[in-house]
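Engineer: What follows is each chain in one-letter form.
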Amino acid sequence: MKPASFSYHVPTSVDEAVALLAELGPQDGRILAGGQSLVPTMAFRMARPTHLIDINGIAELARLTAGGGIVTVGACVRHAAFDSGTLPGATGALLRKVVQNIAHYPIRTRGTFCGSVANADPASEWCCVMAALDGVAVLRSQRGTRRVPAAEFYQGVMATALDEDELLVAAELPMLADDTRTGFVEFSRRKGDFAIAMALVAYRLEGGVIVEPRVAIGGAEPHARRIAEAEDVLSGQAPGAAAFVAAAEAASAAVDPMEDINNTAAYRRGLVRTLTQRALESAE
Amino acid sequence: MTERREITLTINGTAHKVTVEPRRTLADVIRDDCGQTGTHIGCEHGVCGACTVLVDNEPVRSCLMFAVQAEGRSIRTVEGLQQGEQLHPMQEAFMRHHALQCGFCTPGFLMLAVGALEKRPDLNDEELVDILSSNLCRCTGYENIIKAVRAAAADMKARA
Amino acid sequence: MTVKPTSWIGASVERLEDKPLVTGRGRFAGDVSFPHQLHMRMVRSSYAHGRLKAIDVTEARAVPGVVAVWTADDIADLPPIDFREGPNEKLAPFRQSVLAKDVVRYAGEPVAAVFATDPYVAEDAAELVTMDVDELDAVIDASLPASEFAAGLTTEPTICRQGYGDIAAAFKGAAAIVEMDLSVGRHSGVPLETRGAIGRYDAARDVLELHGAAKVPHKNRESLARMFGRSTAGVHLYEGHVGGGFGVRGEIYPEDVLVLVAAMRLGRPVKWLEDRREHMIAANHSRQQRHCIRAAVDAEGRLIGIDDDFFHDQGAYIRTHGTRVADTACGILPGPYRLPHYRVNAHFRLTNKTPAATYRSPGRYETNFVRERLMDAIARKLGLSRIEVRRRNLISPDEMPYERPLVALGDEVVLDSGDYEGLLNKALERCQWDRLEREVAERRKAGEYVGLGLAMYVEKSGLGPTDGARVNVHTNGEVEVITGGASVGQGFETVIAQVCAETLGVDYKRVRVIHGRTDRIEYGIGAHATRATVMTANATAVAAGKVRVKALDMAAQLLQTDAGQLTIVNGSVMRTDGAGASIDLGDLAHHLRPVSPTRGERDPGLAAEGWFTTAHMTYPYGVQIALVRIDPSTGGVDIEKMLIAFDVGRSINPMLVRGQLVGGFVQGLGGALFEEFQYDERGQPLSVTFADYLMPTAHEVPEVDILVTEDAPSSCNPLGIKGAGEGGVAAVGAVIASAVDDALGGKGLITQIPITPQAVKAMIDGQRK
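So the protein lines, in turn, are chains U, W and E.
Just so you know, the first sequence maps onto residues 10 to 293 in the working numbering.
Just so you know, the second sequence maps onto residues 583 to 742 in the working numbering.
Just so you know, the third sequence maps onto residues 272 to 1040 in the working numbering.
Incorrect hints may appear among the rest.
Derived EDC-like pairs: lysine to aspartate or glutamate, alpha-carbon spacing no greater than 16 Å straight-line [claimed, not checked]:
{"no.": "1", "chain 1": "E", "residue 1": "Lys652", "chain 2": "E", "residue 2": "Asp569"}
{"no.": "2", "chain 1": "U", "residue 1": "Lys200", "chain 2": "W", "residue 2": "Glu588"}
{"no.": "3", "chain 1": "W", "residue 1": "Lys729", "chain 2": "E", "residue 2": "Glu974"}
{"no.": "4", "chain 1": "W", "residue 1": "Lys599", "chain 2": "W", "residue 2": "Asp615"}
{"no.": "5", "chain 1": "E", "residue 1": "Lys1018", "chain 2": "E", "residue 2": "Asp452"}
{"no.": "6", "chain 1": "E", "residue 1": "Lys324", "chain 2": "E", "residue 2": "Glu406"}
{"no.": "7", "chain 1": "E", "residue 1": "Lys372", "chain 2": "E", "residue 2": "Asp344"}
{"no.": "8", "chain 1": "U", "residue 1": "Lys200", "chain 2": "W", "residue 2": "Asp712"}
{"no.": "9", "chain 1": "E", "residue 1": "Lys290", "chain 2": "W", "residue 2": "Asp638"}
{"no.": "10", "chain 1": "U", "residue 1": "Lys200", "chain 2": "W", "residue 2": "Glu661"}
{"no.": "11", "chain 1": "E", "residue 1": "Lys290", "chain 2": "W", "residue 2": "Glu661"}
{"no.": "12", "chain 1": "E", "residue 1": "Lys275", "chain 2": "E", "residue 2": "Asp848"}
Chain U is faced by these chain W residues, among others (derived, beta-carbon under 7 Å) [what the hints assert, rightly or not]:
{"no.": "13", "residue": "Thr634"}
{"no.": "14", "residue": "Glu640"}
{"no.": "15", "residue": "Val650"}
Bear in mind the hints are in silico, worked out from the structure with no lab data behind them.
Just so it is clear, the structure is predicted and the values come from calculations on it, not from any experiment.
Every residue, glycine too, gets a C-beta built ideally from N, C-alpha and C.
Isolated chain U (complex conformation):
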């Protein structure tokens, strides 16, 4: 399980990185950020990039900022950055909740938010966050900058809108209003494993009823997405068992779950119902 040979490049600026990517991307050059997904696949030789462009030395990509109603997550911001209490408001609280579910501590110190977003594993928690919050992927290449909303960015199992010469320089998350309640629940055989399914919910109350509901499901389908059917059920309802059960039922009915050797579609569908309900019940 030794990786195949590659050439190693260490750009010190984004311009340099995208210039390298323009040249090497078409020759199966890949970006190396945290490496916590890429390096294992290289060890199995399922990925064998000929060039690795290591962006860890680019200072500006390590920035995590909140301002103007947007959280901007630079390409080299580690999972662990969300562990601490630096991000304000409901968005900060949500991300702190979510990050506890991502792999394990030493993985979180290396792995990056954007790496996870770009890798687009169906069970990625950050992809679920991107979907739920209508995050935007900021893609840079020598051709310019594209800003792709999550709903368009994700195209299938580990498939995204990212072109081979593009670098995901940042992910932008529109900030939730301070009084937004959020909940996140996932299920896996062991804690830290890729989840079989997950649910992320967010909503506000106005005059005692739910407004701006968001329900996103990850892990169950090829990529995470918001479930409009469940959100519609919640909208305008008082929070409580009746609304939550109905929304969970709607989410469960709306998904088209993947199957694998251990998980039937029916099982995943059931989990979606349970997890949606629990996410709603635990939202605070």
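Guided by the hints, dock chains W and E onto chain U, whose structure is given.
Structural biologist: Frame of chain U, contents of chains W and E only:
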């Protein structure tokens, strides 16, 4: 395509000048090129944690980092835990509490626990178990590892 | 004042093994290197079953740094890997060749070996080896009718049959018959250190060396010497640190043979380290069986007979153990119960999967699950409590030793001692079973899915017949115990040192224990079947006892005292009343040097050899109790309480016994809820990473209450020891199944392990409909 680079790795304060292919993992280079075989390799895909070392005082899987990425960083391995003849409180606690059987996963657990507790000496039990669930042990059933780390946390605070 | 030697047996002392291991100074297989060594990389079949028409190694050979690439043709003179216990004509055609020839029978089977100057280069080159294979249908289910293995041979090499009594009459006279179809999944030891082997041929001494040995170095030396046509004097095995054994590591595999042959033929040391993916498809699997079992009982729930047909999924070839796991399963299945009539047929079946062999508590983990499921079913059928049905069937202490006309591990089954009901009572009291039952009933009423499980079992340990040890006191007072035992991380050195220290009267830290070295002692049993502590410790006690006698005799002369008035305390011989002079053991060793004038007629050296022989294995026994809660929405199982009560006869180091039991429990939990080697219909392995093969982490492990008793010391050995190595794991599948089943209403729904959340959820949904 066998590009090689000359790099200097600082392991437990000692500089090791080595010439390596970029594809060589930090774990392999620590062991084979620098001769520090206390860091073990259990899975080479970042799950078991036997190869955990501290890079700039953060616990990382050294099988998921290339050695060329560690140039200029401070690397700490199990060989660097003791001060002269004085064992680190974590090492003593592992012995006292029978927290190892075959000992293969032990260096990874020691570095994981030391790295975590140096950063956050006041980890509660739940957080501790969460952190220790990062690594696999096939012998002990974890009970004594958890006990040892708990005891060492108190010792580390007392000695700090 | 009477002087009192320190008592080491029964003391929870720190381990001698630990210091190098916590300081990074261990010497595992990967840490062994020799100058000028080559690195070997295996090329493995990616097909589960196929005709191997051609292998092309041209490109691989051309890679700079590659020294050789071998296929079966290059080692045509090597026989297949033989059985540990010697030739067996009937099973011989099903042995694995070192490299596949003509047919590949599992994904992962070695077909070529690359030798290169660097492991990365070896892996690059191995990728360039191409195979032309005509894929054949893969056999995945061992319980389907047997098919063709090779011309004239079926995939059922043998049926292991055991039994006694009149099974037909038993069923004819039964008040009730209970029938079950029960399956155990495929899992294995999966030690944290993968396998490794370093071959070296020392032409100067004409000695072939295998480093990275484990488990049974002496047995393996014999097998390898036979294979190469060499004298055992010219083959030596060296065990360093071993990163977990669990039955899997230390058998002879194709890679061990190859590094040795290559070391001889290529004239350079050859190192092979298994990678994790390889380990999951190349190292022995275990456990997978399907039992179609029936029990005949009388109206009071007493067993009259058990009739079992089971299918043992051996995988693609028969490896070093032969049919041992299936045989043991047959011999041990009745467990702690009286069983007047018994018939078992083990259909020993080959499939297109990684070959199987032993994994900690082989044959017992499986049959404990099967038998205890059956006992629960009998209780249900007759409306008895699960406790009562067991009480009515337990063998009582006054029936001991209890002979059964059965064989396990080639040994006639004679349960040596035990108070099974006594331990059951202690376990029930310890966990407050009655209170737990009431609580469970109340919680169920409130809608919770909670359940209690119980399993009883008999383990086996101390497989004989004979083991020896040498004890040698050096002139500085340090004691060396040279054994043919092996250390797989279980604390072997510490336990042997404690026994030696107790017998001799020294501090255990002054004892150095040698193991796993064929160049230090001619004979050795290694470490398997929970025998090291029983056999080697008793041999050590004999040898140390002889040294003690010799030391006292020498000291008596020097101190001018009668030997009967002397004792040894902390390495010094002194009068038992503490009066007068004393003399250190090191000084006595000095007086016993060959050239010493004080030695007199005594043989030189303060040393002795001791042997211990036993007629039968010894049988520890246990009770496991679990309380579980099911999340009915996800099917997830949470273990709220766990008790293991186990009688070890006599505990040498209680801390280590507890460590064995807890560690074993967690492995057992893996098999009960998480771990499984899965395959698709083409025989492709699906569990090749640690993200697919789920071993418990610190998160999944409940607190375990351990009750170790010493009520029934073994009658088979003077120290009274029974082994503890497999007692933790043995009944975990059984007890978790029992508890989950109870939580689901006690209807006998749980018929296979591992129990997955999906399966549990489906059962709950099924009941709701």
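Engineer: All hints are to be evaluated individually against the structure, with a verdict given for each.
Structural biologist: So, going through the hints one by one against the coordinates:
1. E:Lys652 <-> E:Asp569: Roughly 11 Å between the alpha carbons, so the hint for Lys652 of chain E and Asp569 of chain E holds.
2. U:Lys200 <-> W:Glu588: Since the Cα atoms of Lys200 of chain U and Glu588 of chain W sit roughly 40 Å apart, the hinted pair is violated (cutoff 16 Å).
3. W:Lys729 <-> E:Glu974: holds, 12 Å
4. W:Lys599 <-> W:Asp615: Roughly 9 Å separates the two Cα atoms, so the pair holds.
5. E:Lys1018 <-> E:Asp452: holds, 14 Å
6. E:Lys324 <-> E:Glu406: holds, 10 Å
7. E:Lys372 <-> E:Asp344: Roughly 8 Å between the alpha carbons, so the hint for Lys372 of chain E and Asp344 of chain E holds.
8. U:Lys200 <-> W:Asp712: The hint holds at about 9 Å.
9. E:Lys290 <-> W:Asp638: At roughly 26 Å apart (the allowed maximum being 16 Å), Asp638 of chain W and Lys290 of chain E break the hint.
10. U:Lys200 <-> W:Glu661: The given pair, whose Cα atoms are some 31 Å apart, is violated under the 16 Å limit.
11. E:Lys290 <-> W:Glu661: holds, 12 Å
12. E:Lys275 <-> E:Asp848: holds, 9 Å
13. Thr634: holds, 6 Å
14. Glu640: OK, holds: Glu640 of chain W within 7 Å of chain U, min 5 Å.
15. Val650: holds, 6 Å
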